[in-house]
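J.: Sequence:
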Amino acid sequence: MDLSTLRHSCSHVLAAAVKELWPEVKLAIGPAIEDGFYYDFDKKEPFTDEDLLAIENVMRKIIAKNDSFVREELDKNQAIVLFKKLKEDYKIQLIQELAEEQVSIYKTGSTFLDLCRGPHLQSTGQIKAFKLLSVAGAYWHGIETNPMLQRIYGTCFDSQKELDEYLKNLEEAKLRDHRKLGPQLEFFDIYHEQAGAGLVFYHPKGALLRTIIEDYEKKEHLKRGYQIVITPHIMDVALWKTSGHYEYYKENMYSFITEGKEFVLKPMNCPGHILIYKSKTRSYKDLPIRLFELGTVYRREKAGVLHGLLRVRGFTQDDAHIFCLPEQLRDEIKKIIDFVFETMKVFGFDQWGVELSTRPEKYIGSTEDWQKATEALEDALKEKGIAYEINQGDGAFYGPKIDIKLKDALKRTWQCATIQCDFALPKRFDLAYIDSDGKEKQPIMLHRVLLGSLERFIGALIEHYKGELPLWLSPCQVLLIPVKETVMPYVQAIQEKLENINIRLEIDARNETLDKKIREAELSKIPYCLIIGDREAKQETVSVRKKGGAQQGAVALDKFIEELNNRIQEHK
RNA sequence: GCUGGCGUGGCGCAAUGGUAGCGCAAUGGUUUUGUAAACCAUGGGUUGAAGGUUCGAUUCCUUUCGCCAGCUCCA
Numbered sequence: 293m294d295l296s297t298l299r300h301s302c303s304h305v306l307a308a309a310v311k312e313l314w315p316e317v318k319l320a321i322g323p324a325i326e327d328g329f330y331y332d333f334d335k336k337e338p339f340t341d342e343d344l345l346a347i348e349n350v351m352r353k354i355i356a357k358n359d360s361f362v363r364e365e366l367d368k369n370q371a372i373v374l375f376k377k378l379k380e381d382y383k384i385q386l387i388q389e390l391a392e393e394q395v396s397i398y399k400t401g402s403t404f405l406d407l408c409r410g411p412h413l414q415s416t417g418q419i420k421a422f423k424l425l426s427v428a429g430a431y432w433h434g435i436e437t438n439p440m441l442q443r444i445y446g447t448c449f450d451s452q453k454e455l456d457e458y459l460k461n462l463e464e465a466k467l468r469d470h471r472k473l474g475p476q477l478e479f480f481d482i483y484h485e486q487a488g489a490g491l492v493f494y495h496p497k498g499a500l501l502r503t504i505i506e507d508y509e510k511k512e513h514l515k516r517g518y519q520i521v522i523t524p525h526i527m528d529v530a531l532w533k534t535s536g537h538y539e540y541y542k543e544n545m546y547s548f549i550t551e552g553k554e555f556v557l558k559p560m561n562c563p564g565h566i567l568i569y570k571s572k573t574r575s576y577k578d579l580p581i582r583l584f585e586l587g588t589v590y591r592r593e594k595a596g597v598l599h600g601l602l603r604v605r606g607f608t609q610d611d612a613h614i615f616c617l618p619e620q621l622r623d624e625i626k627k628i629i630d631f632v633f634e635t636m637k638v639f640g641f642d643q644w645g646v647e648l649s650t651r652p653e654k655y656i657g658s659t660e661d662w663q664k665a666t667e668a669l670e671d672a673l674k675e676k677g678i679a680y681e682i683n684q685g686d687g688a689f690y691g692p693k694i695d696i697k698l699k700d701a702l703k704r705t706w707q708c709a710t711i712q713c714d715f716a717l718p719k720r721f722d723l724a725y726i727d728s729d730g731k732e733k734q735p736i737m738l739h740r741v742l743l744g745s746l747e748r749f750i751g752a753l754i755e756h757y758k759g760e761l762p763l764w765l766s767p768c769q770v771l772l773i774p775v776k777e778t779v780m781p782y783v784q785a786i787q788e789k790l791e792n793i794n795i796r797l798e799i800d801a802r803n804e805t806l807d808k809k810i811r812e813a814e815l816s817k818i819p820y821c822l823i824i825g826d827r828e829a830k831q832e833t834v835s836v837r838k839k840g841g842a843q844q845g846a847v848a849l850d851k852f853i854e855e856l857n858n859r860i861q862e863h864k
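Position one of the first sequence corresponds to residue 293 (the numbering used here), numbered consecutively onward.
These are computed hints drawn from the structure, not numbers from a lab.
Values in this document were obtained by computation on a predicted structure and should not be read as measured data.
Hints should not be assumed to be uniformly reliable.
[What the hints assert, rightly or not] Derived pair list, reagent style SDA-like, types lysine to any residue, alpha-carbon separation capped at 20 angstroms:
no.	residue 1	residue 2
1	Lys839	Asp800
2	Lys817	Ala829
3	Lys699	Asn461
4	Lys637	Glu760
5	Lys719	Ile678
6	Lys379	Asn461
7	Lys497	Arg811
8	Lys510	His433
9	Lys838	Glu812
10	Lys637	Thr503
11	Lys839	Glu478
12	Lys472	His433
13	Lys318	Tyr431
14	Lys676	Glu634
The task is simple: from the sequences and hints, build the whole structure.
T.: In C-alpha cells:
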C-alpha cells in the first residue's frame, strides 16, 4: 500500500473526528508529509493534549466502522455552493484557486466530506496503526500575514510494528540531541542571561574539538591552493552599501554608531575578501585566487528561529571566495564539489542530498548572468555524475547555488555545504584583472563553505556519533587511571611520552574507586582508558580498556602508542 | 516575529495558596582501591526576572526574558 495515500486518508479521518467533536471548526488542508501527515484547522480554542487523546478515540471509532472513501466529481460552482452551505471558507478559497473546471470531493461515512484530489484508501478500516503527535500554529497558505491556524501532526504506518519503530526512532533522536549532549559532555552552552540568546560559549572540550576541526581544514585548504586570510569583524557601513547587503540584508545586520560613523558587525565575509582582492592589480596569470577564512559572522535572527547550534546569531563559517576566469569556472566548481565530499567522508558522513537553487524574487544582477551562473553549476554537477534536485527560486539574492545536505546516522539531513555563484558582487565592486590582451576584464566570483558553520557542523557531528566522537576528534583521547598513588611516577612517565606525540589525555588521580572512574570515563565518552597499577608499572605495560568495555589487557606501551597513532592518522 | 506549551540549587527531579525537599555533583574527612556509582559529614535555592491579587504566592493574574513543538526565515 502506498504510504502517502494511507497517511492522506488518515488525515481525512483526523479531520472527520475533529468535525465530529467540534462541528464549528473550519477545515483548511491536510496533506501527507515525509514522516506522516497533518491537518490545519481554524478553531478558536487551542487543542490540548487531552483533546488529541479524545480525537484519537473518535478516529479509532471511525476506523472500526470501516467507512468507505467515496469520490465524487463536481463542477466548480456546484462545489462552491456545497462548501458555502458547510461554511468551509478555506475550501471555497482553495476551489477558487484551482485551474480545473471540475473538482473532486471525498466522502467518508454519512457526514464528513472534504475537497480533495485523492487518491484515497477504499475504506477507513485499512488504517492499522496511527498516532497523533503534536499541535502547532501554522499560517494559512504559509504566509506570515495570513491568519494562524492550528496544525495537528500525526503519523501512520502499515503496521503497529513499523509505527512503534518510528516512535522508538524519535526517542533515539532525543537521546542524541546535541542541545542535551553538548552541555552534558561539557562542549558548550548557549544561553547566559546576561549575554543573550543564540550566542555560543565553547567550554574547553568543545573549543578543543573546534580547534581540531579548524586545524584540519586549514591544512587541507593550503594543500589545495587556497590562501588563508583574516578580515575584521566590524567594518564601515559604506562597504555594506557597496556590497548591497545594506539594501538587501539590512534586517539581519547588527550595526552601531560611534563618533558619528555607522559600523556593521559582519554578517558575511565576502566584502572583506573582495577588499583583499582589490588591494592590487591582478593579472589573468594570478587567477584563480582562492581566499579562505574561518570567518565569524553575526546575523540578527528572529527569536523564534533560534535552535541549539543549528541556528544561532553568531557563528563561524569555513568560508572561501574564489575569483576566477570565466573558462576556469566549471573546473573550480568541480574541485569544490570534490573537496566537499572528501571532507564529509573524513568526518564520517557518507550520505547526502544535493540541491540546485535558482533565482529568487529579490535579486541583484542581470537575468543573463543568472542564467550563465546557473548553467555552470548544473553542468559541473552533471559532469560529476551527481544526482540533484532543483529548488526553484531558492538562490541567494546575489546568485544561484548548490546546497549539499549531509545525512546523519538516523538519515536526518543537515544543511552544511553550499557553493554559490556570484556575478553581482564583482560588478558592484568593479573587480578586475588584466587579461592577456592587456585589457581589463571582470573575474567571476564563487562563494563556498564546506562544513557551513562550525557550530551547525559540530551539532551534526554530536548527533551523528551520539556524542561518541571518533578517536581523532575526541577532545580527550586517553584517560590514565592509576590504581593507587604509588604508581604515579610511572603514570607521569606515560603522560610525558604521550604528550610528546600530541596525544590528548587526562589523568584521573582523584581519591575515587576504579569503578567510578571507569563509569565516568564511559559517560564522558572517552575512547581509551589505561588502567595502571603495580603489575603494569613493573612490566612497562598498560592495561587497555576501550570505550564500551572491550579489554585488551596488558599491552606494551610502545605497541599501544603505535596502534593509537595509526588510528589517528586514518581519521578513525 | 507568530501559535501553543514550559521555566524549582551546577544537573536530574519532588512539593502546589500556608515555614521549598530528594538524588547526583560540590566541599571536608575516612578509605588506597584492578575494569560502569565506597562510606560519613557539611554547605548551597528571595522557585527565570519585574509588577499585581491575597493575611499569606513556587502555586493565581499581567508584563518581560529564555527554552521546547511547529509556522515563517536560514549557514
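J.: Does the structure keep Lys510 and His433 at a Cα separation of 20 angstroms or less?
T.: violated (45 angstroms)
J.: Keeping to a limit of 20 angstroms between CA atoms, is the pair of Lys472 and His433 held or broken?
T.: Judged against 20 angstroms, a Cα distance of about 34 angstroms means the pair is violated.
J.: Is the straight-line distance between the alpha-carbon of Lys817 and that of Ala829 20 angstroms or less?
T.: violated (26 angstroms)
J.: Would you check the hint for Lys637 and Thr503, treating anything up to 20 angstroms between C-alpha atoms as holding?
T.: Measuring from Cα to Cα gives roughly 19 angstroms; hence the hint holds.
J.: Need the status of pair Lys838, Glu812: alpha-carbon distance at most 20 angstroms?
T.: Holds. Lys838 to Glu812 sits at ~13 angstroms (cutoff 20 angstroms).
J.: Is the straight-line distance between the alpha-carbon of Lys719 and that of Ile678 20 angstroms or less?
T.: Status violated; Cα separation ~31 angstroms.
J.: Is the Cα-Cα distance between Lys637 and Glu760 20 angstroms or less?
T.: holds (17 angstroms)
J.: Regarding the pair Lys839 and Asp800, is the alpha-carbon distance no greater than 20 angstroms?
T.: holds (16 angstroms)
J.: Run the distance test for Lys676 versus Glu634: straight-line Cα separation, threshold 20 angstroms.
T.: The hint holds at about 14 angstroms.
J.: Verify the proposed pairing of Lys839 with Glu478, using a straight-line Cα cut of 20 angstroms.
T.: Holds. Lys839 to Glu478 sits at ~18 angstroms (cutoff 20 angstroms).
J.: What's the verdict on Lys699 and Asn461, does the C-alpha distance respect the 20 angstroms limit or exceed it?
T.: Status holds; Cα separation ~15 angstroms.
J.: Would you check the hint for Lys318 and Tyr431, treating anything up to 20 angstroms between C-alpha atoms as holding?
T.: Judged against 20 angstroms, a Cα distance of about 14 angstroms means the pair holds.
Violated hints for the displayed structure, listed by number in ascending order: 2, 5, 6, 8, 12.
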